[in-house]
Amino acid sequence: MSEIIRNQVRQIEVEEKVKGPWQEAWTSFKKSKSALVGSAIVIFFVLIAVFGPFIAPQGINEQNLSMRLQPPSAEFWFGTDDLGRDIFSRILHGARISLTVGLTAVLISAVAGSFLGIIAGYYGRWIDTIISRIFDILLAFPSILLAIAIVSILGPSLQNALIAIAVINIPNFGRLIRSRVLSIKEEEYIHAAKAIGMRNTRILWKHILPNSMTPVIVQGTLAIATAIIEAAALGFLGLGAEAPQPEWGKMLADARMFLLNAPWALIFPGLAIMLTVIGFNLMGDGLRDALDPKMKN
Amino acid sequence: MKKGKVYSLSLVMLLMMALFLAACGADDGDTSTADPSTDSSATNTESDTTDNSSSSTPQVLVFGRGADSVSLDPGTVTDGESFKVTQNLFETLLNFGEQDTTINPGLAKEWEVSEDGLTYTFQLQEGVTFHDGTDFNAEAVIKNVNRWKGGKEEDFYYFNSMFKAEGEDIIKDVTAEGDHTVVFTLSRPQAPFLKNLAMSPFGIASPTAFEAAGDSFGDQPVGTGPFKFVDWKRNDSITIEKFAEYWQEGLPKLDKVIFRSIPDNSARLNELMAGSIDLADGINPSDGKTVEGNSELQLIERPSMNIGYLGLTNTRAPFDNKLVRQAVNYAIDKQAIVDAFFEGRAEVAANPMPSSISGYNDAISPYPYDPEKAKALLAEAGYDGKEIELWAMPVPRPYMPDGAKVAEVIQKNLEDVGIPSKIVTFEWATYLEKAKNGEADAFMLGWTGDNGDADNFIYTLLDKDNIGSNNYAYYSNDEVHELLIKAQSETDENVRNDLYKKAQEIIHEDAPWVPLAHSTPLLAAKAGVQDFKPHPTGSDKLTNVSMK
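Those sequence lines, one after another, are chains V and Y.
Okay, so the first sequence: first residue is 1 according to full-length UniProt numbering, each after it adds one.
Okay, so the second sequence: first residue is 1 according to full-length UniProt numbering, each after it adds one.
Careful: at least some of the hints might be erroneous.
Facing chain V, from chain Y, some residues (calculated, C-beta under 7 Å) [what the hints assert, rightly or not]: (1) A340; (2) G344; (3) K412.
EDC-like, lysine to aspartate or glutamate: derived pairs with alpha carbons at most 16 Å apart [stated by the list, open to error]: (4) K533(Y) / E98(Y); (5) K548(Y) / D531(Y); (6) K322(Y) / E98(Y); (7) K405(Y) / D128(V); (8) K412(Y) / E242(V); (9) K422(Y) / E242(V); (10) K152(Y) / E126(Y); (11) K206(V) / E187(V); (12) K412(Y) / E427(Y); (13) K405(Y) / E343(Y); (14) K412(Y) / E62(V); (15) K436(Y) / D416(Y); (16) K422(Y) / D465(Y); (17) K486(Y) / E166(Y); (18) K405(Y) / E187(V).
Rather than coming from a laboratory, the hints here were simulated on the basis of the structure.
From the three backbone atoms N, C-alpha and C, an ideal C-beta is built for every residue, glycine too.
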C-alpha cells in the first residue's frame, strides 16, 4: 500500500504540479473506506454478472418438482424454490439481469436527461419553459407509480420495465444539468468563447458539457442503485421480468408465499438486492465527496 | 464522523427499502382486508360471544370467500360466488342431495313424468310464503318460468343454456292445475330435466317483488329460502338473516350469516386463525397441514366435481393440428403437477369430466408423460417452432390453486419438447372474455359442475353449439355433436351412458385440451361450526349449520 502511494507520489512529482482534476478526485476517493468497500461490492457483482452464468451449477429453469423448497445443502447452496430450482444458480443469473437493467436504464436517462437539460439551460426562454414543465409533470408523480403506469401501457416485460425506469429518471438528470448549465454559462470563459465568435454547438460540446459532467456521474452511480430497486419492485409486482427469468424481485415475490416454511427462498434474493444497492450507494457517496470541489480538504 | 454517518444512513435506508419491498407483497391481500377490519372486529366480538353462549345469544356465522357476488338475482348470474348467497335466499322446485347431485324434493314435494318424457307434473309444498309475505303457489312458479323464457339470452344465461337446444325452447308450456299443481310440457324429452331444475339459477323468486323491482331485483332479492336479505356492502360483505316464517320447523339454526370477500387465500386463512371469520373456502392445498395441526380449526373437504385443464384453441396455429395437440398432451407431466401443487388432493384427469359422473369412460387413461413421443409427433406435424402464448389464470380457483406456478411447469415441459412459450396473464374478467373470443393459443381454465350430469361437462364445454360461450377451446366435431344431442333426449340411462362414452373416446383422440386434474377443494372452519356440508357444486346450503 505504502509503495503504491509512494509510486503515486513519485509520478505526481514527475508530472510536476499538473495534478489533473480526475487524479485529484481519485486520491480523495481512495481515502474513503466506505467508497472502497462499495466499489469492491460493485466489482464483485459485476464479475458475477459477467461470469455467473458460466459458473452456475444449474440452469435457470432446471425444475425438479420432487425437490421443492429444499433447505440450503451441499448440493443446493442456497436451497431450492417452489419449483425445485437451484436458488444459487438463479441468483448468479439474476445478477446479470439486475445490473443490465440498472446500468442501461441509467445510461439512457442520463444521456436523454443531459441532452434536454443542456438545451433547456443554455438556450433558456421558451425551450427552457417547455422542457422544465415536462420535467415538473414527470416529477409530480411518485416515480414508482409512473413506472407502473408506463409498464401497464407498454405491457409487462423486462424491456418495458427498463424503459419505464429510464423515463422516470430523466427529469432528475435533466434538472441537475440544467441548473449546472445555468451557472456555467455565466462564466467568463463562456463569454470569451462567445466573444470570439464560437458557435453555440461547439460551446456546448467543448465547454459546457465536460464541465457539467461531474454531478451526472455522481447522480448516475446513485441512480443505478435506485434503478435496481425499482426493477426489483416492478418484478415483484409482476410488471417486470417474466417467468422463468430469474429476476431478484420476482424471486422475492414467488417466495413470499413460503416465508415461514422456506425463508431461504426469500432471504437470498433479498440479500443480493440489498448488497448490490449498498455497493452502488457507498460508491456514489464516495464519488460525490471526491468530485465535489467544496468538500476538498 | 461524516463517513460513519454515510455508512449507517445508507444501511438504514436499504433495510427500509428491503422492508418496503417485502411489505408490498403482503399488501396484495392486506389492502382488501384492511378496510373491513374495523367492522370485522365488531362481528368478531359478536361471534365470540356466540362461542361461549347459552342458546339465547344470536348465532352468527361469518363466511370468508374469494370474491363478491355479481348480483343476487339467481336467474341472471353465472358466477359461483353469487350462487353461494342465493342458494340460501331462494329455493328450487327440486333439491340436490346433501352432498351429491341426486334428486330430492324441494318446493315440489312430489312429481310425475309421463311415459313419453314430455310432461312433468309437480305437486307443490303448501303453506310456503316468500320473504315479502306473497304466497308461494302454482301461479308464482308460472310467473318465474315465463320471466326466464321471456328474457333475452344474455339476461338469463343459464335458462337459455339448459332449457334451449338448437334455438328452440325445451319448456313449451307451463300451466297450473289448481293452486298447488304445476304441469311442464316439453317440446322434446330432456334426460337431465329434473337435475337442471334443481340448479341454483332456477330458484323461485317472489313475483310481486320482481315485478315491482324490475332490473334492480338483484339488489333486493326476495325468495322463500331459510334466510332473507339484509344488507350488501359491495366488495366487502353481504348480510342475510334468519327468515322467521320459514316453512320448515326449527330451521335455519343460524340467526345471521355474513359473507365476506377476502380475495387472497392466505389472508383469508389468517383471518380465520385470528378468529374474525368462522368459515373460509379456498384453502390452499399447501395450507391443509397447517389447518389440520390447529386444534381450534377443522379442515373440510368439498366433494370433488370439477376439472382443471389446459385448453388448446383448436382454430389457432399450431393447435389447429391434432398431432400438435396430442404432442402437448404427451409433453406435460400431469402427475408431477398434481403431486407438487395439490398435495395429493387431486387425481390426474383423463376425460373432460370427473369419474363420479355417470357416463364416465374409465377405459380411457390419461396420455402418459412421454417427451420423446411428443417430439416425434411434433416432427410429424411439421411444427415450425414458433413461440406460443401460454395463458395463466390470475386468481386461485378451486380446480387450480396456483395457476401461475403450474404455468411455469407447463412452460418448462413444453420447452423440453421444443415448444417455446411466453406466459401471459390478465385480470380475471378480461382473461375470460379474451379466451372466450378465442384470442389465446393455450390457456388454463377449469369448470365446476352445476348439476352432476355428463351433459353439463361435455356438451357445455366441448360442443360446437357452445363456441363463444363455454367452449373456450373452439373445439368442433360433428360426430361428437350428434352424440351429445342424441344423449340429451335419450331417457334410457344405459344407452345414454354409452353415447357419452363414445364421445369421450373421440374427444380423447382429438385432444382439444390437456385435462390436468380433478381436485378436492378445501375449506376450513372453526372447530365449533357444526353440520356444515359443502356441496360438490360449490353452492352450500347453510340451513342446518349451527355453532357450538
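Okay, the hints, checked on the actual structure:
Restraint check, A340(Y) versus chain V: the minimum CB separation of about 4 Å is within 7 Å; hint holds. Among the interface hints, the one on G344(Y) is violated; its C-beta lies about 13 Å from the nearest C-beta in chain V, farther than the 7 Å criterion. Hint on K412(Y) holds. Least Cβ distance to chain V is approximately 5 Å, under the 7 Å limit. A distance of roughly 7 Å separates the Cα atoms of K533(Y) and E98(Y); the hinted pair therefore holds under the 16 Å criterion.
For the hint linking K548(Y) to D531(Y), the alpha-carbon distance of about 11 Å falls within 16 Å, and the restraint holds. The hinted pair formed by K322(Y) and E98(Y) fails the criterion: a straight-line CA distance of about 41 Å is larger than 16 Å. The hinted pair formed by K405(Y) and D128(V) fails the criterion: a straight-line CA distance of about 50 Å is larger than 16 Å. Pair hint K412(Y) plus E242(V) holds up; C-alpha atoms about 13 Å apart against a cutoff of 16 Å.
Under the criterion of a C-alpha separation no larger than 16 Å, the hint pairing K422(Y) with E242(V) is consistent with the structure, at around 8 Å. The suggested pairing of K152(Y) with E126(Y) is violated, with an alpha-carbon distance near 32 Å, which exceeds 16 Å. For the hint linking K206(V) to E187(V), the alpha-carbon distance of about 14 Å falls within 16 Å, and the restraint holds. The suggested pairing of K412(Y) with E427(Y) is violated, with an alpha-carbon distance near 24 Å, which exceeds 16 Å.
Distance hint between K405(Y) and E343(Y) is fulfilled; the C-alpha atoms sit about 14 Å from each other, no more than 16 Å. Straight-line distance between C-alpha atoms of K412(Y) and E62(V) comes to about 8 Å, which keeps the hinted pair within the 16 Å bound. Distance hint between K436(Y) and D416(Y) is unfulfilled; the C-alpha atoms sit about 29 Å from each other, more than 16 Å. Between the alpha carbons of K422(Y) and D465(Y) the distance comes to roughly 31 Å, so the proposed pair goes past 16 Å and is violated.
At most 16 Å may separate the alpha-carbon atoms for a hinted pair to count; K486(Y) and E166(Y) meet this at roughly 12 Å. For the suggested pair K405(Y) and E187(V), the alpha carbons sit about 61 Å apart, so the restraint of at most 16 Å is broken.
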